[in-house]
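Enquirer: First to last, the sequence lines map onto chains B and L. Note that the working numbering has the first sequence beginning at 1, numbered continuously upward. Note that the working numbering has the second sequence beginning at 1001, numbered continuously upward.
Treat each hint with caution, since some may be false.
As the list claims (entries may be wrong) - A few chain B residues facing chain L, derived, Cβ under 8 Å:
#: 1; residue: S12
#: 2; residue: T15
#: 3; residue: W29
#: 4; residue: K34
#: 5; residue: V42
#: 6; residue: A67
#: 7; residue: L78
#: 8; residue: G87
In short, the hints are calculated from the structure, not lab data. Heads up, the beta-carbon is just placed ideally off N, CA and C, and yes, glycines get one too.
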Amino acid sequence: MSTELIMVLGMSAVTMIPRALPALFAGRWQPPRKVRQWLDAVPYAALGALVFPGIITSDITHWQAGAAAGVASLVAALLRAPAFICGAVAVGAAIVVRLIS
Amino acid sequence: MDSGSAFARFGRGIRLAAPVGLTYIPVAFSLGLLAVRAGMSPWIAALMSAIVFAGASQFAALAMMRAMTPTPEIVLATLFINLRHIVFNLALLPKLGIRSLVMRTLVAMIMTDEAFTFGSLSTDAGIRTQAGMLGLSGTLWICWNGGTLAGALLTPTLPALLNDSLGIMIYGLFLGLLVPALKKLPKAVIISAAAIAIHTVARQFIPPGWAMVAAILGGATFGPLFNIGGDTDKAEQVANVD
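Pulled out of the complex, with its shape left as it was, chain B reads as follows (with noise of 0.2 Å):
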């Protein structure tokens, strides 16, 4: 099996299994307030961790290219441009910055 077939299983079992567990609980049980608090904090902390720094360390000739990306998404996001847009407009600024430099 492919390294990348392994990660793919991998990952939909440790997605599914727990998605899959209040299914087996009929009943209204609740996790504890600041369980709950913790959970809905892990995507904020993950989004700010992937972000930062790969984005400077993510073209290693040009680290610049980068900045632009970061600093152009970031405007077009506060701008409330949907996601794939805030994506396509840190290529393009990547792109101009391999241009000019």
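Model the placement of chain L on the given structure of chain B, informed by the hints.
Expert: Just chain L now, with coordinates in the frame of chain B:
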């Protein structure tokens, strides 16, 4: 409210999902492009969308693959990123009244952030049934998978300069997800900032994959520490404004 026949409720689930599903397609398309660029075959990329079906964690896995992160750390990060779905299913499943364990499990396994929000908030009570949720989540699943496969298969046809710059797109997508979420819950900026700080420092001392896991776990503790979120009703009210 009269919920109508199962067939009618299934159809109303599809209609509720349609506008959300349309917004899934370009994001899934980007995912397919990035997966192939990260070295995955188009079919593995499609399989990932089919059997993981959790956007943020799929993008996270690709970003970690690019950083040469070993598989165990990627799988562990996926576990933590998707753990919140337990809370969604604990809140929503009891309202659906699904008797069959198999069907209840199926509905639970295709639950996403969007299916939970729209399913919980819809004024149409017929959505909160087995047929309604299958129509809603099933439509989202098809859009997500169709978009991924299209992006994965089209990657080789792109011009070189564009192709070389596509890796950066993932960070734009992350910002495009994070910023609107922070606008809804501004205090959560503490959580993201803490995670960035932990990640930046930890990378100097431990392998990048574990630095990421430490940042996710450590950053998330700032949620309960500063009493941020965790209130499903309030989250629903905020989502309702959109």
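Enquirer: Does the nearest C-beta of chain L fall within a distance shorter than 8 Å of the C-beta of K34/B?
Expert: 4 Å, holds
Enquirer: Hold the hint about W29/B up to the distance rule: shortest CB distance to chain L must be less than 8 Å.
Expert: 7 Å, holds
Enquirer: Under 8 Å, Cβ to Cβ, is where T15/B needs to be relative to chain L, so tell me if that hint holds or is violated.
Expert: Holds, because the Cβ-Cβ distance from T15/B to chain L comes to roughly 4 Å (cut-off 8 Å).
Enquirer: Grab the minimum C-beta distance from A67/B to chain L and call the hint holds if it beats 8 Å, violated otherwise.
Expert: Violated - the Cβ of A67/B stays beyond 8 Å from chain L, reaching only about 11 Å at its closest.
Enquirer: Grab the minimum C-beta distance from S12/B to chain L and call the hint holds if it beats 8 Å, violated otherwise.
Expert: 4 Å, holds
Enquirer: With 8 Å as the cut and Cβ atoms as the points, is G87/B at the interface with chain L?
Expert: 4 Å, holds
Enquirer: Please verify that hint: V42/B, Cβ, nearest Cβ of chain L, below 8 Å or not.
Expert: Holds: closest Cβ of chain L sits about 5 Å from V42/B, inside 8 Å.
Enquirer: L78/B was flagged as interface toward chain L. Is the shortest Cβ-Cβ separation under 8 Å?
Expert: At about 6 Å, which falls below the 8 Å cut-off, the nearest Cβ of chain L leaves the hint on L78/B intact, so it holds.
Checked against the numbered hints given earlier, the structure breaks only hint 6 and satisfies all the rest.
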